[in-house]
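Number of protein chains: 2
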Amino acid sequence: MSLGSGKFLNRLMGKSLKTEELKSEKLSVFWGLPIMSSDAISSVAYAGEEILWVLVPVIGLMSYRYMLYASILIVLLMFMLTFSYRQTIDAYPSGGGSYIVAKDNLGTTAGLVAGASLTIDYVLTVAVSSCAGTAAITSAVPSLLPYKVGITLLLIVLLVIGNLRGVRESSKLFGIPTYLFIASVLFMIVWGLIKVYFIGYKPAPVFKIPEASGSITIFLFLKAFASGCTALTGIEAVSNGVPNFKEPSQKHAKMVLALLALVVLLVFGGISYLATLYHAVPNSQETVVAQISQQIFNKNIMFYVIQATTALILVLAGNTAFAGLPQLLAFMAKDGYAPRQFAKRGRRLNYSNGIIMLGFLSCMLVVIFKGSTHYLMPLYAVGVFVSFTLSQAGMFKRWVKNKGFAWRHKAFINGLGASMTFVTAVVIGITKFIHGAWVVFILVPFVVYIMKRIELHYAEAARELKLPMDQKPKKIDFTSQKRYVIVPIDTLNKSFLKALNYARTISDNIIIFHVSIDDDATKKLLNKWNQYNVDIPIIVKKSPYRSIVGPLVKFIESEEYAAGPDDTVTVVMPQFVVTRWWGNILHNQTSLFIKTVLLKRRNIAIVTVPYIINER
Amino acid sequence: MSLGSGKFLNRLMGKSLKTEELKSEKLSVFWGLPIMSSDAISSVAYAGEEILWVLVPVIGLMSYRYMLYASILIVLLMFMLTFSYRQTIDAYPSGGGSYIVAKDNLGTTAGLVAGASLTIDYVLTVAVSSCAGTAAITSAVPSLLPYKVGITLLLIVLLVIGNLRGVRESSKLFGIPTYLFIASVLFMIVWGLIKVYFIGYKPAPVFKIPEASGSITIFLFLKAFASGCTALTGIEAVSNGVPNFKEPSQKHAKMVLALLALVVLLVFGGISYLATLYHAVPNSQETVVAQISQQIFNKNIMFYVIQATTALILVLAGNTAFAGLPQLLAFMAKDGYAPRQFAKRGRRLNYSNGIIMLGFLSCMLVVIFKGSTHYLMPLYAVGVFVSFTLSQAGMFKRWVKNKGFAWRHKAFINGLGASMTFVTAVVIGITKFIHGAWVVFILVPFVVYIMKRIELHYAEAARELKLPMDQKPKKIDFTSQKRYVIVPIDTLNKSFLKALNYARTISDNIIIFHVSIDDDATKKLLNKWNQYNVDIPIIVKKSPYRSIVGPLVKFIESEEYAAGPDDTVTVVMPQFVVTRWWGNILHNQTSLFIKTVLLKRRNIAIVTVPYIINER
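Protein sequence lines, in the order shown, are assigned to chains B and Y. Residue numbering for the first sequence follows my numbering, starting at 283 and increasing by one per position. Residue numbering for the second sequence follows my numbering, starting at 283 and increasing by one per position.
Read the hints as simulated data drawn from the structure, not as lab findings. Mixed in with the good hints there might be a few duds.
Unchecked claim - Below, computed lysine-lysine pairings styled on DSS-like, alpha-carbon distance capped at 27 Å:
id, chain 1, residue 1, chain 2, residue 2
1, Y, K616, B, K810
2, B, K824, Y, K308
3, Y, K626, Y, K616
4, Y, K824, B, K757
5, B, K616, Y, K824
6, B, K882, B, K823
7, B, K528, B, K490
8, B, K754, Y, K626
9, B, K836, Y, K626
Predicted, not measured: the structure shown is a model, and the values here were computed from it.
Take the sequences, apply the hints, and build the full model.
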């Protein structure tokens, strides 16, 4: 559907791909790991920090011990999820996101709740990740702080363009930084441990640790745990995107999932441990990772490498959402629960409408929250864990119902997964409720309602349009039909004549119709018409309120010219086509408006006869 | 053209008016004075302050003497202009704005330069006045300072609504505050003089007067004078709007102009004199007028009355622009130099498109400049004086050329006016050039260029459309015409059948055309078509790049079905009409897109057959 300015589009988006080229756009394990897991891996950059934000203001120095406990719990939860999702990949070779698994096994509403929760979370992922990416940049270069919203928006736009170019190219484009991040962070962790345990460096916190103002409570600990659970967002992406892998896609997907768990264990565990060793203090000027690396590397080149790769991977984390949401929307669109446009592949064979919508919504969030992740965090993660729970519960029910090989073992794993993620979802929901999670509890039912309305609409439209095979085209009896053709006139010019000429080819029962909004102009027209002297009747109606469409509709409805219930009145309208794009601004778009109104009548056909004006 | 939601519109805008009701919407002298002059009268609220902004930082206490000199010069200039414009009103009973006078006597380009300058200045007037109005409000209630942009935008929106309601009602709505302002300021002036000269009050400046850092220079004085000239903006409105007055409109307009001059003399002169007596110091927290009234009234009720009426009249000053610009644009549109829509009267008989555009542009300016008048001021007034000069020069040339009664005397007055306003324009241009006036020097030629392009476009379109009276409708020979009718098909449903039925009424040469973008869907369609078993050929074209319009256009162009140069190919398209407004979002708007592309071909007629889906 590309027209004009194709060159620029080609340069920006890459050339159009044929439908047959779909197969070659698949991921290997090596490139699949970074593109499917950058979200999960990158979240360590803020998950640890979010835990400390909860603990440090209350229990001061004690925070670091409880942070470690919370991190261990989160890593355990992650391994549980990894095992559960391996089973999902086995059971759903064509992609088993929560939406599909829940819909399949628990029914439509459960599926839609999972779908809605994920949709919201994907949008938040892009907003949060790109804001956090900007925070990493401004931690290294504080003079950029005033421009953080602009920087964040630019990052999102780059993501949109990269993703519009297509899956495989984006994985290469986005894969390298992920590997760079993993390597540089692992190097920092190893060097940080050596520095303390072998060289004997005594950590000197960059910021003062506040005095404890209270003591640890179960609620506080759960809140810290809930905040850290953001680290697990994005795991879903692998099982949702099974069809994106090279054949054998299930095997490749499972390998990527296992590798992902390993990397998160090393990176998240390592950074949490370093944070306790080096006593990083969360604040709004410098990120926790920046504080740690600053102590380890003394602001030498490695400090900047860490900041740069952190920024990059955070931005690319948003990319997981760009890989996940358009696919999810396409699934839902195919089932009729989302507008059909989301199921249509764009010029580069990706679901371009989903990509563009995701970019737009996340930019809105960034602008509204002025580029601060902190306000968005409480909304985040609830949705992910709701969808985790529904997906695991769906798998559990599937094993129990279908039985099959080793079904008890499989049901146990998914059942445990469902229980754990359910408890986590409840914990997150309760501890973060007043801070913003309530928004999700309103938004999800609302989105589910909209999705059901959309499905209803499509179903009704399909029913109304369904053609019984015995309803054949009508026999035409050219003599009995009155077939009025109305040609509206404003000025007697070539464009009108062209419309009139066409009208005469389809009927000999023509009425010229003029709506008078200016007496002088009408007089002039009638004089000219008489002078023109052709034997076709003209009818003039005065329009005191200067509306053109009103009198026309009234005339069509009026008894003497009314068509029978099966007859169609044809209105032939000249349309002025200007070749210059700005030309259309200069003409009253009356004919367009008239058409829109007339289209709402059943027994009408509107003929548009273009008259093209070529300008030099 | 009002459809649906008419009740809300009626409530907001007043009911639609018939074209015949135009006459009753005219102004008397009593209501004409406030509506035509609020700009000129209100500018005293900032004109004096702008003079002090230039002088005080340099020459300190000495400023007040030179402020008085500048004010006297400005008042003299105003009287000169009043005399000049009285002659314009006499000569141009149907409204003699600078655009018309300059175009009439000096040629099109001069007219357009005046028109462009005025257009820019009218937009600035609205932005500057509403910002200044907000400043008067925040001077009285400092806690509102953080919301100044929002307040300013709200004020503009109210102005737009008021003006959309129509001329006469807006004059009453807007007239009373102007009189209140005049009364309360005159009271303040009288009481301020009594307090000093009779009661013996020794003025105690609210803010400290800065030490002089330099001495007066001619350039500095001219700059101060130039800044004060903003007081004269808006005088133009009266002569531009002669037709808005009740009959005899010329006499009434001249009376209003004389009264206007008197009021400006009293109010501007009085406030300037008070500022020198009470030593007001310009700053960003409190306006000069606020400082004066604070000393005179000790923050009693009268202080707040002054602030409130100042705020009101400043906002209403923007109203002068709302009375002036739409009329100016309508004049230019009638001559073809602006889009025709500006010459169309809205439901309340005013030029609603001009009103809406003015509101939109000034809101943009307010947002961009964050509600601070100070940055906009240098752009202001240059345009007004350029148009003054052109208008006076035009009048001068008119008298010299036409001669007539007492022409020497008249030519002398307008010639003197032209010279004085020209000198002023040069002074403003030079002294404010680097502060922003340069923008105007770029913008005016650009706008003039656009206006000329528009005129060229309309002229070319009219020439191409002109119908020679001997070119009659074609004789139709029903037998010789091939008249192909193409009916595109996507799904075999009722909507397609309706289109097909219509197609059969206009031709027996029908081709069903299908663009295949999905092999499975196409197979299904063809099976169904064979099963449907009607004797009409179907043609299928594969579209590898998933474009529907490309193969269709190619097919129309293809040799075997090509129409002769005079034949027309008809494409009949079913259009899915959904009664719910949001329904359209849910359907691929492919048919709309196809129509837009097909319309660019000469030998085509597009028939739209609506199929209406009523939802419960």
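Now the hints, each set against the structure:
1. Y:K616 with B:K810: Holds: K616 of chain Y and K810 of chain B sit about 21 Å apart, inside 27 Å.
2. B:K824 with Y:K308: Measuring from Cα to Cα gives roughly 24 Å; hence the hint holds.
3. Y:K626 with Y:K616: Holds: K626 of chain Y and K616 of chain Y sit about 9 Å apart, inside 27 Å.
4. Y:K824 with B:K757: Distance of about 31 Å is beyond 27 Å: violated.
5. B:K616 with Y:K824: Holds - the C-alpha atoms of K824 of chain Y and K616 of chain B are around 22 Å apart, at most 27 Å.
6. B:K882 with B:K823: Answer holds: K882 of chain B to K823 of chain B is near 22 Å, not above 27 Å.
7. B:K528 with B:K490: violated (51 Å)
8. B:K754 with Y:K626: violated (49 Å)
9. B:K836 with Y:K626: Status holds; Cα separation ~23 Å.
When held up to the earlier numbered hints, the structure conflicts with 4, 7, 8 and fits the remainder.
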